[in-house]
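S.K.: Work the whole structure out from these sequences, hints included.
Those protein sequence lines, which keep their order, are chains A and B. Per my numbering, residue 3 is the first one in the first sequence, and the count goes up by one each step. Per my numbering, residue 3 is the first one in the second sequence, and the count goes up by one each step.
If you are wondering where the hints come from, they were derived from the structure by calculation, not from laboratory data. Owing to the predicted nature of the structure, the values given are computational and were not obtained by experimental measurement. Heads up, the beta-carbon is just placed ideally off N, CA and C, and yes, glycines get one too. It is possible that some hints are incorrect.
[What the hints assert, rightly or not] Covered by chain B, according to a simulated footprint, are these stretches of chain A (three or more residues, beta-carbon under 8 angstroms):
no.	segment
1	16-26
2	135-141
3	147-160
[Stated by the list, open to error] Simulated restraints, written as ranges between beta carbons of each label pair:
no.	chain 1	residue 1	chain 2	residue 2	range
4	B	Ala73	A	Lys26	34 to 42 angstroms
5	B	Arg43	A	Glu191	34 to 42 angstroms
6	A	Thr211	B	Ala103	19 to 27 angstroms
7	A	Leu143	B	Ser158	15 to 23 angstroms
8	A	Leu46	B	Glu218	46 to 54 angstroms
Protein chains: 2
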Amino acid sequence: MSGRLVVIGLGPGSPDQVTPEARKAVAEAKFFFGYKPYLDRLDLTTEQVRVASDNREELSRAQAALEKAAAGEAVAVVSGGDPGVFAMAAAVCEAIEAGPAAWRDIDVSVVPGVTAMLAVAARIGAPLGHDFCAISLSDNLKPWDVIEQRLTAAASAGFVIALYNPISKARPWQLGRAFDCLCSVLPAETIVVFGRAAGRPDERIGIFTLGEVDPEQADMATCVIIGSVETRAIERPGRPVLIYTPRSLAPVSR
Amino acid sequence: MSGRLVVIGLGPGSPDQVTPEARKAVAEAKFFFGYKPYLDRLDLTTEQVRVASDNREELSRAQAALEKAAAGEAVAVVSGGDPGVFAMAAAVCEAIEAGPAAWRDIDVSVVPGVTAMLAVAARIGAPLGHDFCAISLSDNLKPWDVIEQRLTAAASAGFVIALYNPISKARPWQLGRAFDCLCSVLPAETIVVFGRAAGRPDERIGIFTLGEVDPEQADMATCVIIGSVETRAIERPGRPVLIYTPRSLAPVSR
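M.R.: Right, dumping it as structure tokens:
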């Protein structure tokens, strides 16, 4: 007897950014697997059960959740942001592909959410206003030289770049190296945004240039947006600066 | 006297994917500027006013909205999906930068939403599970050769690619040309997904390979996702196939 498993995106953190679809999916599940800070966001009943695990344990968490679903239970795996962006949806698929045949008969669904780069972008204007890419800076699952090649390719081709997982205690030098790498293809004046906890009470947004940005000011929960050469700042007396990337490659008409 | 202007992302289309934040922002505005199909989604009171405009009129729409806000009104500009992804937030910023100084004193904010590629990805698994990019295929605002360079750079570097604005009556050949261009760097078996109206009653999802995909099956509202060489399909007897891109570059352990 197969149960069901839903992978739920809880958005960037503010309850106001959780979709009704995600809220319903939470109400309908019984067992909740996830990284503890995401589970802590849930408002559960006494019948609902949290199964917390550490981050960097995505695959074993996915396996445990699938096992529970295969036993006929209503299971949810929760992610911050969107579960399809450097989060649990891919880990669940990996576990299904490598797992017992019975896991392929589980009713699996994914509930999308607002991912960090969109929430950070919204707080400062429209830095992702043109072609952009998202790169995870974690070299736990891919070699560092592939990351450098992707950074260089994306910056050279004119993409705005959003970096996820920029830095952690176990990966202290990668963000600085990424900036060095980008400095070889982008001007020092290129705009860089650090966005942390967008939409939450502890939100922190910083605007820098590539030439002067300090990687130490980022942490695990920071989303870093690096502009293209087109990305611009609009100064506004008495109001926060707006950062945006024009839709057009031609200069803005004045 | 300056009013306020909020750029609101209404998500991919299902009311269940509109965030509470977006719903509140709609309730608090009086004048609504947007492309008619997005305005039609709103449930407004008799005091609230719709100002519809055609698509491809983004800049003049933004200007009209800013004028109204500068006159002291509570104005909303609505977008489908996320307003920062190939949508109205950048057009509003462009208009502010090029417009009268008074427009810089308007209280401008952006409410993020679930953008199309996330909604489409969620319906089929986790195709954006690793590094990915988003490219608008419209050559109204940038030269076609830049688009081809970006497609080639992204595919060669291993990014999954999401295409927005893939085709329209005025731009009938671009999607086919993009597939031709990608065929020169990606294998014919590369997975391609067409997702239209994800989460809505008229949803249509198609899964193809790059070698056999027919661009004519896409329309303006289709989001096209082109896998990387890592993107995989999991066949499931009696259930829909799952498409995903592993988090890791190494082969899945079995």
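S.K.: Please go over all the hints and tell whether each is borne out by the structure.
M.R.: Verification of the hints:
1. 16-26: holds (count 9)
2. 135-141: holds (count 4)
3. 147-160: holds (count 8)
4. Ala73/B - Lys26/A: 34 to 42 angstroms: 40 angstroms Cβ-Cβ, so the 34 to 42 angstroms window holds.
5. Arg43/B - Glu191/A: 34 to 42 angstroms: holds (40 angstroms)
6. Thr211/A - Ala103/B: 19 to 27 angstroms: holds (25 angstroms)
7. Leu143/A - Ser158/B: 15 to 23 angstroms: holds (20 angstroms)
8. Leu46/A - Glu218/B: 46 to 54 angstroms: For leucine 46/A and glutamate 218/B the Cβ distance comes to about 48 angstroms; the hint holds.
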